[in-house]
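S.K.: For the sequence shown, the UniProt record's numbering assigns the number 423 to the last residue and increments by one with no breaks.
Calculated from the structure, these hints are not laboratory results.
Idealized CB from N, CA, C, for every residue including glycine.
Take the hints with a grain of salt, since some may be wrong.
[As the list claims (entries may be wrong)] Taking CB as the label site, the calculated pair distances span:
| id | residue 1 | residue 2 | range |
| --- | --- | --- | --- |
| 1 | Lys339 | Ala192 | 29 to 37 angstroms |
| 2 | Gly211 | Val132 | 21 to 29 angstroms |
| 3 | Phe64 | Ile13 | 14 to 22 angstroms |
| 4 | Ser217 | Lys339 | 19 to 27 angstroms |
| 5 | Ala177 | Asp362 | 18 to 26 angstroms |
| 6 | Leu125 | Lys349 | 37 to 45 angstroms |
| 7 | Thr121 | Trp302 | 52 to 60 angstroms |
| 8 | Ala192 | Met34 | 17 to 25 angstroms |
| 9 | Ala335 | Gln313 | 19 to 27 angstroms |
| 10 | Ile13 | Leu46 | 15 to 23 angstroms |
| 11 | Cys327 | Val207 | 45 to 53 angstroms |
| 12 | Ser217 | Asp362 | 19 to 27 angstroms |
| 13 | Ala192 | Asp147 | 37 to 45 angstroms |
| 14 | Phe334 | Lys276 | 18 to 26 angstroms |
[Unchecked claim] Here are the simulated SDA-like pairs of lysine to any residue, each with C-alpha atoms no more than 20 angstroms apart in a straight line:
| id | residue 1 | residue 2 |
| --- | --- | --- |
| 15 | Lys118 | Thr18 |
| 16 | Lys346 | Pro67 |
| 17 | Lys118 | Asn413 |
| 18 | Lys180 | Arg198 |
| 19 | Lys139 | Asp305 |
| 20 | Lys276 | Tyr318 |
| 21 | Lys6 | Asn413 |
| 22 | Lys276 | Ala293 |
| 23 | Lys349 | Trp290 |
| 24 | Lys6 | Thr52 |
| 25 | Lys350 | Glu218 |
| 26 | Lys367 | Ala342 |
| 27 | Lys184 | Phe138 |
| 28 | Lys143 | Val129 |
| 29 | Lys57 | Ile15 |
| 30 | Lys180 | Arg116 |
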Amino acid sequence: MQIQLKNLSDTDIRIGWTLLCLHIFFMYARPQEMLTFLRPLHLPGLVALGLTAWVLKNFDKQSFQIPSARFVLIFGGLSLISFAWATHTIAITIGITWLIQYLPVTLAVILLVRERTKYKTLLYLWCSVHAVVFFMVFKNGGKGPGDFMADENDAALGIAMAIPIILYFSSWPDLNARQKLFLKLLFLVACAAIIATRSRGGFLGLVTAMGMLWLFSESKMKILFVSLILTLTLGSIALSFLPEGYIEDLQGISDPNDNTRSERIETWEIAWIMFKDNFLFGVGAGNFPWNVASYQEQASWWFADARSLHGRQTHSLYFQLLADLACVGLFIYFAFLFKTMALLYKAQKKVYGISKKKEHADLNTIKGLGMMCRALYISIFPFFISGAFISVGYYPHIVMWGTLAYSTLYILNQYTDSEAYKK
């Protein structure tokens, strides 16, 4: 079913597009962290409020036929109302963030990105903003720009998700040579930025992204051969550029005596106990750290003089949602993820069939959109792997991933008879 959105005036489009671009820029790049004179201006908040006001002015209820908008509304709403049974008010903050900061982005993309040109501009903007993120990672010695990408692990996960999108977008058939070169170089910089974070979870995300890219490649043997040659010829040179102690850090992944590993396992056990005690709705969004101390005595590892873990995060996407929002939250979250993955996979397979026939008038556009469906499908796997060791359940990674996914499917539907974005 093709949804029918109301037409916007040229002025509304210009204002909305400007606010959307600024919002994405401030959300990811966070220039106020580097240019401190911007902090008193509160520009990110003002832009977010402006975008929210624009969405309210141009609101179209048809937008909620797109699953990404429904997901942000429902999951954000659940997080907000979980305050009713939560210990800490952080649930209100999380819910409001999803509904006031993230939902307007999703709705604005639905309202504004309705044709190929705007779609490609959005993708190019998103990739360019990540160039600033990569610069900040190098500048900050492995840390990200701030907020949900401040920590090394958080930054590495976000970058790993961006890698497939940047690489596939660089092969869009009708991009010019300069744009393709920029994106291919950006792909290499992204890989280097993950290494610069020294994050072990981020490295697993990088390996996952590369493995999935190889798995979906049509030249698997060629890639293996080239990789082998490069490893043999340039491997020693590459090792010399790695951060000091990087190899030793990676070796700690499998070390059973590693303190970080032990602490994660301890908190995961507490999260499981917390879930069993609140299996339907959990303890409230973001409330694991405020309940962990009252549950740790039930853990198998606890002893009388054990230190309090009050304020400790779960360090895992899965255990975070398991404890915080339990069965209801997990179902909403992963039902959206798996449904979107299935639609992306189905769409890219359909495009592959069309491109083999070479009969469609808009073949280059369809190929490009098919590649982006594949890129977004691959992009979620680093999130699954790295997220196993990071508390990222409430970060906007999934909001932006879902927003880009359904924007891609919506535009693709205009060129094919695919109905992949249907409910």
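S.K.: If a hint holds in the structure, say so; if it doesn't, say that too.
M.R.: Results for each hint:
For lysine 339 paired with alanine 192, a C-beta distance near 34 angstroms keeps the hint of 29 to 37 angstroms intact. Between glycine 211 and valine 132 the CB atoms are about 27 angstroms apart, so this pair conforms to the stated range of 21 to 29 angstroms. Remark: the range hint 14 to 22 angstroms for phenylalanine 64 to isoleucine 13 is upheld by a beta-carbon distance near 21 angstroms. One distance hint, 19 to 27 angstroms for the beta-carbon pair serine 217 and lysine 339, holds here, with the actual separation near 26 angstroms.
Alanine 177 and aspartate 362 have their C-beta atoms about 22 angstroms apart, which keeps the hinted 18 to 26 angstroms range intact. One distance hint, 37 to 45 angstroms for the beta-carbon pair leucine 125 and lysine 349, is violated here, with the actual separation near 28 angstroms. The hint said 52 to 60 angstroms for the Cβ distance between threonine 121 and tryptophan 302, and at roughly 55 angstroms that hint holds. Against the hinted window of 17 to 25 angstroms, the Cβ-Cβ separation of alanine 192 and methionine 34 comes to about 20 angstroms, which satisfies the hint.
Taking the beta carbon of each, alanine 335 and glutamine 313 are about 25 angstroms apart, inside 19 to 27 angstroms as hinted. One distance hint, 15 to 23 angstroms for the beta-carbon pair isoleucine 13 and leucine 46, holds here, with the actual separation near 21 angstroms. Our hint of 45 to 53 angstroms for cysteine 327 and valine 207 is violated, since their Cβ atoms are close to 32 angstroms apart. With their beta carbons about 25 angstroms apart, serine 217 and aspartate 362 fall inside the hinted range of 19 to 27 angstroms.
Range check, alanine 192 to aspartate 147: Cβ separation about 22 angstroms, and the 37 to 45 angstroms hint is violated. Separated by about 19 angstroms at the C-beta atoms, phenylalanine 334 and lysine 276 satisfy the suggested range of 18 to 26 angstroms. The suggested pairing of lysine 118 with threonine 18 holds, with an alpha-carbon distance near 12 angstroms, which does not exceed 20 angstroms. Distance hint between lysine 346 and proline 67 is fulfilled; the C-alpha atoms sit about 16 angstroms from each other, no more than 20 angstroms.
The straight-line distance between the Cα atoms of lysine 118 and asparagine 413 is roughly 15 angstroms, inside the 20 angstroms bound, and the hint therefore holds. Proximity of lysine 180 to arginine 198 is assessed by CA-CA distance (about 28 angstroms); at most 20 angstroms being required, the pair is judged violated. As the CA atoms of lysine 139 and aspartate 305 are separated by approximately 42 angstroms, the hinted pair breaks the 20 angstroms bound. Restraint check for lysine 276 and tyrosine 318: satisfied, since their Cα atoms lie roughly 14 angstroms apart, inside the 20 angstroms limit.
For a cut-off of 20 angstroms, the pair hint linking lysine 6 to asparagine 413 stands: about 18 angstroms separates their Cα positions. The suggested pairing of lysine 276 with alanine 293 holds, with an alpha-carbon distance near 16 angstroms, which does not exceed 20 angstroms. Of the supplied pair hints, the one linking lysine 349 and tryptophan 290 is violated, its CA atoms being roughly 46 angstroms apart against a limit of 20 angstroms. For the suggested pair lysine 6 and threonine 52, the alpha carbons sit about 18 angstroms apart, so the restraint of at most 20 angstroms is met.
Proposed proximity of lysine 350 and glutamate 218 is supported: the alpha carbons are some 16 angstroms apart, at most 20 angstroms. For the given pair, lysine 367 sits about 19 angstroms from alanine 342 by alpha-carbon distance, which is consistent with the 20 angstroms threshold. In summary, the hint linking lysine 184 to phenylalanine 138 is supported, as the alpha carbons are separated by about 18 angstroms, within the 20 angstroms threshold. For the hint pairing lysine 143 with valine 129, the CA-to-CA distance comes to about 16 angstroms; that is within 20 angstroms, so the pair holds.
As the CA atoms of lysine 57 and isoleucine 15 are separated by approximately 12 angstroms, the hinted pair is consistent with the 20 angstroms bound. Simply put, lysine 180 and arginine 116 have alpha-carbon atoms about 17 angstroms apart, close enough for the 20 angstroms limit, and the pair holds.
Checked against the numbered hints given earlier, the structure breaks hints 6, 11, 13, 18, 19, 23 and satisfies all the rest.
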